[in-house]
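Protein sequences, first through last, are from chains V and G.
When we follow the numbering used here, the leftmost residue of the first sequence carries the number 1, and every step to the right adds one.
When we follow the numbering used here, the leftmost residue of the second sequence carries the number 1, and every step to the right adds one.
Because the hints were derived from the structure by calculation, they are not lab data.
A portion of the hints provided could be inaccurate.
[To be verified] Calculated pairs, DMTMM-like style, for lysine to aspartate or glutamate (alpha carbon to alpha carbon, straight line, at most 20 Å): (1) 339(V) to 133(G); (2) 382(G) to 403(G); (3) 75(G) to 371(V); (4) 327(V) to 137(G); (5) 375(V) to 268(G); (6) 236(V) to 32(G); (7) 339(V) to 32(G); (8) 389(G) to 422(G); (9) 327(V) to 133(G); (10) 75(G) to 340(V); (11) 327(V) to 32(G); (12) 242(V) to 281(G); (13) 339(V) to 137(G); (14) 327(V) to 142(G); (15) 242(V) to 53(G); (16) 79(G) to 371(V).
[Claimed, not checked] What the simulated footprint calls covered on chain G by chain V, stretch by stretch (three residues with Cβ under 8 Å from a Cβ of chain V suffice, anywhere in the stretch; the number is not a length): (17) 5-15; (18) 71-82; (19) 108-119; (20) 220-234.
[Said to hold, decoys possible] Restraint-style ranges between C-beta atoms, simulated for each label pair: (21) 366(V) to 207(G): 37 to 43 Å; (22) 366(V) to 129(G): 27 to 33 Å; (23) 376(V) to 28(G): 57 to 63 Å; (24) 49(V) to 10(G): 53 to 59 Å; (25) 306(G) to 367(V): 38 to 44 Å; (26) 129(G) to 333(V): 26 to 32 Å; (27) 297(G) to 333(V): 55 to 61 Å; (28) 379(V) to 251(G): 29 to 35 Å; (29) 356(G) to 366(V): 44 to 50 Å; (30) 366(V) to 306(G): 55 to 61 Å; (31) 333(V) to 287(G): 43 to 49 Å; (32) 348(V) to 185(G): 42 to 48 Å; (33) 367(V) to 242(G): 45 to 51 Å.
Using N, Cα and C, we set each Cβ at its ideal position, and we do this for glycine too.
Single-letter residue listing:
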Amino acid sequence: MDLNSITALEAGRMIRNKKISSVELTRYFLDKIHKSEPELNAFISVSEDEALKSSEEVQSRIDAGDKLSILAGVPMAVKDNICTCGIPTTCGSKMLSGFIPPYSATAVEKLKAAGAVLLGKTNCDEFAMGGSNETSFFGPASNPWDTSRVPGGSSGGSAAATASGEAMYALGSDTGGSIRQPCSFCGVSGIKPTYGAVSRYGLIAFASSLDQIGPIGRSIRDCAEILSIISGHDPKDSTSAKETLDFSDSFTGYVKGLRIGIPTNYFGQGLRSDVEAPIMEAARTLEKLGAELSEFEMPLSDYAISAYYIIACAEASSNLSRYDGVKYGFRSETGESLKEVYYNSRSEGFGMEVKRRIMLGSFVLSSGCYDAYYKKGLMARDLIQKAFFEAFQKYDMILCPTTPTTAYKKGENISDPLKMYTGDLYTVSVNLAGLPAVAIPCGFDRKGLPVGLQLIGKPFGEPVLVRMAHAFQLNTDFHLKRPVINRTRKTLTSSVAD
Amino acid sequence: MEYEMIAGLEVHTELSTKSKIFCGCTTAFGGEPNTRVCPVCAGMPGTLPALNEKVVEFALRTGLALNCEITKYTKFDRKNYFYPDLPKAYQISQLYLPICRNGSLEISCETGTKSIGIHEIHMEEDAGKLIHDPGDDCTLIDYNRCGVPLLEIVSEPDFRSADEVIAYLELLREILMYLGVSDCKMQEGSMRADINISVRPSGQKELGTRTEMKNMNSFKAIHRAVLYETKRQIEVLESGGKIIQETRRWDDNKETAFAMRAKENAQDYRYFPEPDLPAVEISAEMLSAIKENLPELPESKRARYQTEYGLSENDARVLTSARELAFLFEETAAICKKPKEVSNMIMVELMRLLSETNTLPESLSMDPAKLAALIDLITEGKINRNTGKTVLEEIFRNNVEPEAYVKENGLLMLTSSSLIADAIDKVLAENQKSVEDYRNGKEKAFGFLVGQTMKALKGKADPRMVNRGLREKLD
């Protein structure tokens, strides 16, 4: 069995049926990581000893006949803004380099209880702020399809590791598209859950009312399985929902009668034609499978990016105030007075993009500006949420692109933050409205780089989204394509390979 | 020129819930530094607050007792600023929708009774403690207090004298303790008061510029601070100066206040609604349940003690000075049905014991049944009052069962006239001089002979019989 091409579920079954042991599998991935990391830089830290120990423990539990989840023993990775007890958690920042949390995020604890094996912590944009993994203090991660290009962000490392076969699946986080966009850039599947479906306890906060942890995997079915494990009410997170997600009806392949709305104003200027084409082709595929397509106009899309950046940066400016050099993380060596410790630690510890967003956020919350910016932002958010609600009276889901382009070259956009921000136009409104969305590979552009399709659903409508996405994956093979990391030529091959 | 003083109070009280407001850590006072801390109250990355519902209940109890309107959907807000005792660099407080508003408290002092308006009451979390170590030239931070629930009670600027301020604080403290929401120990910091004071010429409508006074650690210090600042402001205005709006730190040792560093720009706290906590809905059911279970408040208790038990105002005041005393009084009187006896016993003997052992009434935990039994023993003539004092002390210290204790130690009052007569004879025989003194008119000698007789009978005799017996023999 080609370990690079099987899904997490298939690996889990193999372990259960004693076709392979968790330890063997873990060794395979650690070896893969070791070989690929010089080019990919998808990991900030690899926990080799813990991973092997973990795989041994899980294996003996399985051998003893313990009833564990179907993903028990399957090796995975976790984005480095999610706390893992005893394992360094840096958020891709100098500010937290060396920080070792004495607690794990609830999502991580749930996966551990289910028998997951943690390989390491993946690279990400600093404090999840960015769309290319280039703001990371630990250097950019690379897109495995073309290592001169970005993997997307902020969950770039998780997407790159999953796509390249360094891990079977990974956890990412999504505040404005940070799971969906890297999934699309790297040709893997991902889910941004409904706000509140997954506990945020242990997710190092960027924007409290927008953040969610979600799965990145080789198939949408894998993602659904992971989401089943990590979702659920958590008393430690007062914003976590009581609703549960039931995927029992999501894998039939049956989508007849499901109504898909396609927002025509998303398909205008700015969307590359070789990105638009595979998406429209995918829509036709779904129509052939029985879905009913309709076109409509999504209102207020012009305001989404502004509202998003005002709200996200405002919350971030407050959430990141605790990094002051006093209690944990980086403290500047210079600095004699208290003020200097604060100023110097934060100046030296944070990167440019983080500082930019903190300043933007502090500004919109300042007295005199609060009404004009933050309050207006909340009002716009409210209207955007209502607009989606209106649309979902007529449709079960909305189909659209994830990003206007495919993976761009490293360094191309990093000096133009506003350009970077406008790349989020298809994803941010989903976070503003607290809705679920999935991203799945649906083709390739002219250069052979992956294109991702986005499906947006009603609150707690993940099972319906997965049903549609899974039907697509039953009838296409885009998600089965794997990149080859070619050291000499650094170009792509989109075939199933070693 | 005559001036009048105007003041408003902001009282912070630490709630005596078992756990902190947003996590499960204990709120107990003291402890080794940084031992009562968890990732949540230490503001570690990725942690989130979870509201302790008891805090809401305590806030509602307080709001109802202070006649407030209760906000149906109350929300938390973030107050952002940097200081080492604030681990998240923001305090979770309430600005826009505080839980209680527009209440009142009627106070009485020498000038009469008056209603003080309560502007609002809100919930918030306390910060840590900074300890300045002069030896090491550094500051140490103890996060034990981070996250302890606070209730901030803001009054309207209705105070016109230092006495009114103290009357309000004393009554407020009493109410908070009666409600069981706080132990209000100023010396431990569980009750703090900041005052905003201004003065204006009598008759003027506009308010003068106010200053804020902080760091008064007792009611007496507050009284001194108010008098001082009123005088200071009047002197400034009389000499043609202007009052600077500033915060002044009271130094009780020097009995003066120092301006804290004046800030050019007012601190901008960038308040915004706390996204990690949903709004709290206060249902009608929740409110009526709390209303029903509100304890009787001290003012109405005092009135009732006078009408129902016929106690004097002073007695009522002493018995209600702590709810534990009031409880003991009411429960004991209910059992033995002798309120005046109970009242005397508590006010004289028990208060004396508390004072001698440096025990606060709040720590009193005497069993009313035992006290009632003791009082019955005395009033039924089974033991005399001296013995009664001894037994009371035993109940107080060792929680003894009074009847059993009396039996075990043979303390039953001696009423045998023959034994008493024998003792009297012996005492008279041994104290001829005193007998002569008495016969010569010295009444004091009689007391001495009574004492000697009681001593001979080991204090157990019925004093009335001893008295009578002696009089008969001597006269």
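Results of checking the hints against the structure:
no.	hint	result
1	339(V) to 133(G)	19 Å, holds
2	382(G) to 403(G)	10 Å, holds
3	75(G) to 371(V)	19 Å, holds
4	327(V) to 137(G)	19 Å, holds
5	375(V) to 268(G)	17 Å, holds
6	236(V) to 32(G)	26 Å, violated
7	339(V) to 32(G)	28 Å, violated
8	389(G) to 422(G)	26 Å, violated
9	327(V) to 133(G)	18 Å, holds
10	75(G) to 340(V)	35 Å, violated
11	327(V) to 32(G)	18 Å, holds
12	242(V) to 281(G)	17 Å, holds
13	339(V) to 137(G)	16 Å, holds
14	327(V) to 142(G)	11 Å, holds
15	242(V) to 53(G)	18 Å, holds
16	79(G) to 371(V)	17 Å, holds
17	5-15	violated (count 0)
18	71-82	holds (count 3)
19	108-119	violated (count 0)
20	220-234	violated (count 0)
21	366(V) to 207(G): 37 to 43 Å	28 Å, violated
22	366(V) to 129(G): 27 to 33 Å	30 Å, holds
23	376(V) to 28(G): 57 to 63 Å	46 Å, violated
24	49(V) to 10(G): 53 to 59 Å	55 Å, holds
25	306(G) to 367(V): 38 to 44 Å	53 Å, violated
26	129(G) to 333(V): 26 to 32 Å	27 Å, holds
27	297(G) to 333(V): 55 to 61 Å	58 Å, holds
28	379(V) to 251(G): 29 to 35 Å	49 Å, violated
29	356(G) to 366(V): 44 to 50 Å	60 Å, violated
30	366(V) to 306(G): 55 to 61 Å	57 Å, holds
31	333(V) to 287(G): 43 to 49 Å	56 Å, violated
32	348(V) to 185(G): 42 to 48 Å	44 Å, holds
33	367(V) to 242(G): 45 to 51 Å	25 Å, violated
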